[in-house]
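Starting from the structure of chain A, add chain B where the hints point.
Number of protein chains: 2
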Amino acid sequence: MSADGDRASVPPPPSIQEASPDDNIKILLATDNHIGYMERDPIRGQDSINTFREILQLAVKHDVDFVLLAGDLFHENKPSRDCLYRTIALIREYTMGDKPVQLELLSDPDEGKADGFSFPAINYEDPNFNVGIPVFSIHGNHDDPQGAGSEGALCALDVLSVSGLLNYMGKIDLPISDAEAPTTGIAVRPVLLRKGTTYLGLYGIGNVKDQRMHFELRSNRVRMFMPRDKDNWFNILLLHQNRVKHGPQESVPEGMFDDSIDLVIWGHEHDCRIVPEPVAGKNYYISQPGSSVATSLADGEAIEKHVALLQIQGKEFQMTPLPLRTVRPFVIEEVILNEAAEEEGFDVSDQMEITKFLKKKVNALIEQANQLWDERNATAVEDGDEELPRMLPLIRLKVETTGVTETSNPIRFGQEFQGRIANPRDVLVFHRSKKAASKGAKVAIDQPELSIDDPNLTVSEKLAKVRVATLVNEYLAAQELQLLGEAGMSDAIQMFVEKDDTHAIQTHVAKALKALMKGVQGAEEIDEDEVEEMLVKAKEQQEKEYVEKSKEAKSTKAKGKAKAKDDETAESDDSMMMDIDAAVGSDFEEPDSDEPPPKKKAAAAKPKKAPAKAPTKKAPAKGRGKKAVVSESDDDDIIEIDDDEDEEEEAPKPAKRTNRAAVLSQPAKKAPAKKKAAAAPKQSQLTFAPAAGTGRSSRAAATKARGKMVVPDDDSD
Amino acid sequence: MSADGDRASVPPPPSIQEASPDDNIKILLATDNHIGYMERDPIRGQDSINTFREILQLAVKHDVDFVLLAGDLFHENKPSRDCLYRTIALIREYTMGDKPVQLELLSDPDEGKADGFSFPAINYEDPNFNVGIPVFSIHGNHDDPQGAGSEGALCALDVLSVSGLLNYMGKIDLPISDAEAPTTGIAVRPVLLRKGTTYLGLYGIGNVKDQRMHFELRSNRVRMFMPRDKDNWFNILLLHQNRVKHGPQESVPEGMFDDSIDLVIWGHEHDCRIVPEPVAGKNYYISQPGSSVATSLADGEAIEKHVALLQIQGKEFQMTPLPLRTVRPFVIEEVILNEAAEEEGFDVSDQMEITKFLKKKVNALIEQANQLWDERNATAVEDGDEELPRMLPLIRLKVETTGVTETSNPIRFGQEFQGRIANPRDVLVFHRSKKAASKGAKVAIDQPELSIDDPNLTVSEKLAKVRVATLVNEYLAAQELQLLGEAGMSDAIQMFVEKDDTHAIQTHVAKALKALMKGVQGAEEIDEDEVEEMLVKAKEQQEKEYVEKSKEAKSTKAKGKAKAKDDETAESDDSMMMDIDAAVGSDFEEPDSDEPPPKKKAAAAKPKKAPAKAPTKKAPAKGRGKKAVVSESDDDDIIEIDDDEDEEEEAPKPAKRTNRAAVLSQPAKKAPAKKKAAAAPKQSQLTFAPAAGTGRSSRAAATKARGKMVVPDDDSD
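Line by line, the protein sequences are chains A and B.
Each residue of the first sequence is one higher than the one before, counting from 1 in the UniProt record's numbering.
Each residue of the second sequence is one higher than the one before, counting from 1 in the UniProt record's numbering.
Only chain A is shown next, with the shape it has when bound in the complex (with noise of 0.2 Å):
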C-alpha cells in the first residue's frame, strides 16, 4: 500500500528459477475462474471456461510444479453437468501426463482423504494415476461445502478431488451449517511439500462467512498445524474472503495472520492485484490473483486480468504475472449527463440528442477496447504465441442522470450494438444517486461480488437478486404457517435458491418437527381437539428460540466486536494462534533431543518418492546446501546457501519491490538485460526477499534469518 510511489522502472532481477533450478518450486498461480459463469449466453457462454483452459495451457508451457488455485474454480455451487465434464476434461488433459512430479510431500498424503477407502488424498500420492501437474485448490464462497450426506457437506471441488484430478485442501472441518455459533475453531492442516532444499508450506483456509472468520482470528481459534522448523519453511496461506470492508467484520483484515506466513494468496477479490504488496508492520505480502473473468460489469473487473508464475526458492519467492489472452477487453466508463451537455453543447431535455451523444461515447469505448485487444494479441504474437481472433469486447457506460427526466430504453438502446459488443442487453446503466466513486477514476474501487446497493447494476440484475430475499418473506409472512417458523423457513429457502441444496427445506421441517415432537412426547394421550392448540403453543415455542438463538449470535458477534477492539491496539502477531505442540503426535515426529530442531525435523519427516538426503547431526543445513550449488557454471547467478545458518545471523538483504505498475504493460525488452539477453525472461519478474525487521522483534527476525538463501551482490535493485 505504500510502495505504490516508487514505480521507477529498475530492472527485473535475475530469475531465480535459471540459479537453481532443483530447488525451484514453480507454481501457476491463479483463482476465481468461475467456469459456468453466464455459461448459457451465446455470446459469453465459453468465457470462463476457455480462459481456465488458457491457465492450464500456462501451466504446461510454464513447465510448474504445481497448480495452485485460491478458490471460486466453479461459479455455481452445483456446477451444470456440461461444465463439471468440460473441467474434468480439462485437467485431466493438462495435468496428467509423464511429467515426473518433482515434488516430495512431506505431510500426511492420507489427511483429508476419503473416508473408507484406500487411496491418498494428494492425487500424484496414487501410483494409479499418473500427474504431470497438480492441481491444488481451495473452496471459495460459490463453491463451498453444501448439504449433510452420509459424508457430511460437501462441494463440486469434493468430487474432482475423489476422482483424482484435484487436491482440495482447506476444508473447514466444521459444518458450515452452524457457522452462526460454531464450538471449535478452524484447524488448519499444511500441505508440505519439497522441492531440493526448499521447503514449502500451503495453508489452506477455505471460505467461511466473514463474521466467522473475522471471529475465529480475534478468539485466536485459527490453529495452524505447522512443523516446528516452520522458519525454515516458505509458507503460504490461502484464503478466500472479503478483503474490502462492506461493514463491520464484513472482511478480514490485511494484518491478522501469523509472521511465519510469507505470502498470503487473496482469492475471492476480482480485480488483479497478483504483484504482491507488503503489509505494514507485518513481515508477509499480499497478492491478490483476482478472477479469470469479469462476473460483474464493475470497475475492478476492467482491471487487465492476469494469472502468474509465482517461483519459490528457500525463503525467496518471485511473481511473474500472466496476461491472460482469452479473457474478453472490457472497458468502463461514467458519464454525468449534466457536465457532458454542458461541455459538449446539448440539450439534456432533448431525448434524441441524449441517445445520440451516449452513442458516441460507446463508440469511442468500443474502439478503446478492440484498441487494447489489438496491442494484447500483437505483444503476445512477438512473443511466439499464435494470433488470436478478435472477441467482442465488453462495455459498461455509467450514466448519472441527476436532473435529466427522460431517458431513453437502455435494451433498445443496446440492440444497436448487438453483433459488436458482448453484451448488448446491459451497456447502459442509468443511475441517479451520486455515489463516492469519481468520474474517471477506473481502479478506485473493487466489486468483487454483485451486490444489491451497487449502482452499476442493471434494474434486472438488481431484480434477480432482491427477489428470493423478499419475495420469500412476504410471502412466509402472509402465509402464516401452521407449524413451522416463517423466519426458519425463509433461511431454508435461501439456501434452496442460492445453493440449489433441493434438500434444505426438507432439512429444516423435519429438524423442526423434530423439535416439535419433543414438546408433545409430554402428553400421555392426545385429544384431537388439543392438536390446534399444542401447535399453536409449539409453534410460539420455535419462533421463540430462534429469536433468542439469534440474538445469542448477534451477542457473541458482538462480544467478538469488543474483542477485536481492545486487540486493535495491541500488537496482532498473536491473533493467530499457532498450535506448534497439537502438531506433535499428528503428522510430526518429536524431537529427540534439545538441539535446535529446525533442519532436523524436516530432514526427519518421512520421505515419499524421492527419499531425502539424510543429513548428518553436525551440519543439518549440509543435506539442503549440497544441492543448491547446481552444475550450471555457465550462469553468474548463481545462489549460494548460507551453510552456517547457526552460527552467523547475516541479515538477509530486503530485495526491494520493483516496478508493480510498469510490470503489467511494459514488456521485459524495453528494460535492457544485463546479461546474455536469451536469459531474459520474457516477462517482467519480481523478486522478493523477506522484508526482515519491518517492525518485528529482533529475536523473530534472527530465527527468520536462519537458514535464508542469501543473493550474492547484484546490480539488480
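It cannot be assumed that every hint is accurate.
Identical copies go unnamed one by one, so any copy, or any two together, can satisfy a pair.
[To be verified] Using 25 Å as the maximum straight-line C-alpha spacing, the simulated SDA-like pairs for lysine to any residue come out as follows:
1) K99 with D126
2) K113 with N128
3) K511 with T355
4) K99 with N130
5) K61 with E533
6) K511 with P424
7) K360 with A340
8) K511 with L56
9) K499 with D41
10) K209 with K499
11) K113 with R40
12) K499 with G45
13) K499 with S296
14) K511 with P42
15) K361 with D347
16) K356 with I366
17) K61 with W373
18) K514 with Q102
19) K511 with Q415
20) K514 with P109
21) K359 with A340
22) K99 with N141
23) K113 with N130
24) K245 with T507
25) K99 with N128
26) K514 with P42
If you're looking for bench data, these hints aren't it; they were derived computationally from the structure.
Just chain B now, with coordinates in the frame of chain A:
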C-alpha cells in the same frame, strides 16, 4: 421360454475357465444399480451404494477382466453430489490397480471420446491411468443424457467417463429431444475386444423410448457396425428397454435382434432372470440380470437378486449367478380379506380383528424374511465369506378389501413394526379391484418401474406420480397463457421435474419465442395496439403446429405399426440392419483380396497394448489356436480349437442348458464334481454353446459353425 420344463439336476459342465484361462474372458455382469435410490431414507439410504460396493468386490474376488453394466447405474438423472462422490470413490477403489488388463482393444479407442481432447474413450487405453478392471456401461432411462450444453446432451456416465473411471458406450448420436420424430436411425459402434483366441464384440444401445426403439428396429434403421467376420466373434448386445409389454410398442420384442448376436443383456427390467433364456426361433440367449436394489415393492423385486460371472471362450459362454448378500430381504404376499376371514373365522366388520389378523400375517412375513437372510448368510459363511449383521427386511402385504367397509390406517399400522422392518410406512397396501395377478403367485409378472395403475403403490406413491402430470396440465389450462402454447409448456415442465433439467422451460420458451418472432418479422412497423392481436394469432399458429406435429408423430408410429404387422409373419432376420459396408472405412480396413475375410480381418485390426501375433496367410486360424493349447497339462478338459475352419464345417454340439431354477438354490457341492473337488467351482455354472439349427437357414448355420470352438466329448451333458 420353451426350456423351462427340463429342470433336471444335471451336474454342471466343467468350468471353461479352467481349460484355458488365457482365452477366457471373465465378466462381472450386473445392471440397474440405481445408486442413490431413497438415499435420504435413514434405514434404506445406503442400500444401493452398499450393494454396488459388493458388486465391485465380487469383480475383484473373481478376478474378472471387466465389469459390464446395462444402465441405470444412477437412480436420479442428476445424482446428488454425495451419490456421485461415493460412486466415483468406489469405482476408483476397486477398479484401479496394477492388475494387467489382458483385453486387447481392437476397435478405435477414440470412438466416442471427448471432443477436442486427446485422451481416449476407453480408460485402460490411457497410459495415465492404471486401470485394473475396466467398467463398461450403457445408460438407462434413469440416467439418460439430458440437456443441450456445448457438448450436446450429457448424462452422469459422461462425467464418469471423462474422469477416466468408466467406459460409457451405447450413446445414441441423435439428440434425445428429437426422439419423437427422428430423422436418422441408431448407429451401434461396438467395443471390440480380444483375449487370446476369444474375440468379443460389445454392442451397446442406451435407453431410448420404447416406441422409438420399436420404430427403428422395424424400419431397419438400427445400424450395427460389425466386423466382416462377425460370426467369429462372440457378440453381446446390451440394451435397456421394456421387455414386458405395457401397451402396443411400449416394449421391445425379444426376437427382433440379429442372428449374429450371441447373447443379449437386457437391462431395465428389475426381476432377476440372469440365467440365459433362449429365444424361440433365434440363435441368441437373453440374460436379464435385474436390479441390485428393489425400487418398488412389487413381485418381481422379491426374486432373490443376483449378479453373475459371465465367462466367454470362443463362441461358448458360461454364466455363474452370484447371489448378492447386501440386498435387503424382501417378502411380498397378498391376502384377500374376505376369503381369509372365512378360513380363519374372523369378522370382517370388526376392524380390531382385521388388524390382529394382518399383524399376525406381517409377523409371519418378517419371520420368513429373516430366515431367508440367515440362510443366505449361512451359505456364504460356509463358503468362507464373513458373516454380515442382519438387515431389517422389506415387507409388503397387499390386502384385497373388496366387500370390507372399514380398514385401519396403514401408516399407523406400520408404526408397530418400526425397528423390525425397513419400510414401516408402507408395509400395508389396500386395494379393491381384484387384479389378474393370482394370489400367491409371487413371480407372476414383473413390474420394473412404478406405474400409476400399479396396485402395489401406496396412496402417497401414487400421488407423487400423479401430481406433476395432472397438476401442471390443470394449472396451465387455467392460466390461458398469452404467448406460449400450454401443451408444449407442459412437456417442458415435465422434463424439468422428472429429469431435474432446470433449463428445459427456458429452452422451450426461447424456442417458442424464436418461432413467434418469425411471424412478427413480416410486419414492418409494429403498432402497439396490434401487439395483442398478433400475440393471439401467433399463439393459435403455435398450438396448431404443435397439434400437427403430434399427429405426424402418431401417423409415423401408425405406419411403423402397419409395417410391423406385415413383418410379423415374415422371418425377422433382417429387422436389424447389418451395415457391413458402412463399417468399411470407419473402424475396419478394406480386405486386400477376395479371400474369405473373417479371421484375417480381425487379425488385421490394429493391435493396441499387446500386439497381436500376425497370423500367416495360409493358416489364418493358427495364431489363435496356438494360444488355446495351454500348458496346464494336469487338466483333462483342454479345449481344442478347430484349426481348419474353412475346410471342415463341423456343426457344434448344442450344449444343453442345465437346471435353470435349481442353480439359484442348490450349491454346486451337492452335484459331485467329476474330477478334482478343489477344481469344482463354488457356484453352479451354466455353459452355453450356440444352439445351431434351431430354425435357422442352413447357410447361416454353416457360417456360424466356422471357427467355432469344439468341446471334446465329456459327460457333462
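**OP:** Could you place K359 and A340 in one of the four classes (within, between, both, neither) given a Cα distance threshold of 25 Å?
**Re:** within (13 Å within a copy, 86 Å between copies)
**OP:** If the cutoff is 25 Å on CA atoms, where do K99 and N130 land: within, between, both or neither? Let me know, please.
**Re:** both (9 Å within a copy, 16 Å between copies)
**OP:** Using 25 Å as the alpha carbon limit, work out where K499 and D41 are close: within a copy, between copies, both or neither.
**Re:** Both, since 20 Å and 22 Å are each at most 25 Å.
Original post:
When no copy is named, should K511 and L56 be tagged within, between, both, or neither for a Cα gap of at most 25 Å?
Top reply: Answer is neither; intra-copy 44 Å and inter-copy 36 Å both fail.
**OP:** Tell me, please, which holds for K113 and R40 at an alpha-carbon limit of 25 Å: within, between, both or neither?
**Re:** So K113 and R40 pass the 25 Å test across copies only (23 Å; inside, 34 Å).
Original post:
Under a CA distance limit of 25 Å, which applies to K360 and A340: within one copy, between copies, both, or neither?
Top reply: within (12 Å within a copy, 90 Å between copies)
**OP:** At 25 Å max between alpha carbons, let me know whether K499 reaches S296 within a copy, between copies, both or neither.
**Re:** within (19 Å within a copy, 31 Å between copies)
Original post:
From the Cα coordinates, with 25 Å as the cut-off, is the pair K514 and P42 best called within, between, both, or neither?
Top reply: between (47 Å within a copy, 14 Å between copies)
Original post:
25 Å Cα cut-off: does K514 pair with Q102 within a copy, between copies, both or neither?
Top reply: neither (53 Å within a copy, 55 Å between copies)
Subject >> Alpha-carbon proximity between K99 and N141, which holds within one copy, between copies, both or neither at 25 Å >> reply: For K99 and N141, the Cα distance exceeds 25 Å both inside one copy (33 Å) and across copies (41 Å).
Original post:
How do K99 and D126 come out at 25 Å by Cα distance, when the copy is not named: within, between, both, or neither?
Top reply: Cα proximity of K99 and D126: in one copy and across copies (15 Å, 15 Å).
**OP:** Give the relationship of K99 and N128 under a CA distance limit of 25 Å: within one copy only, between copies only, both, or neither.
**Re:** Both: 15 Å inside a chain and 11 Å across chains, each within 25 Å.
Checked against the numbered hints above, the structure breaks hints 3, 5, 8, 18, 20, 22 and 24 and satisfies the rest.
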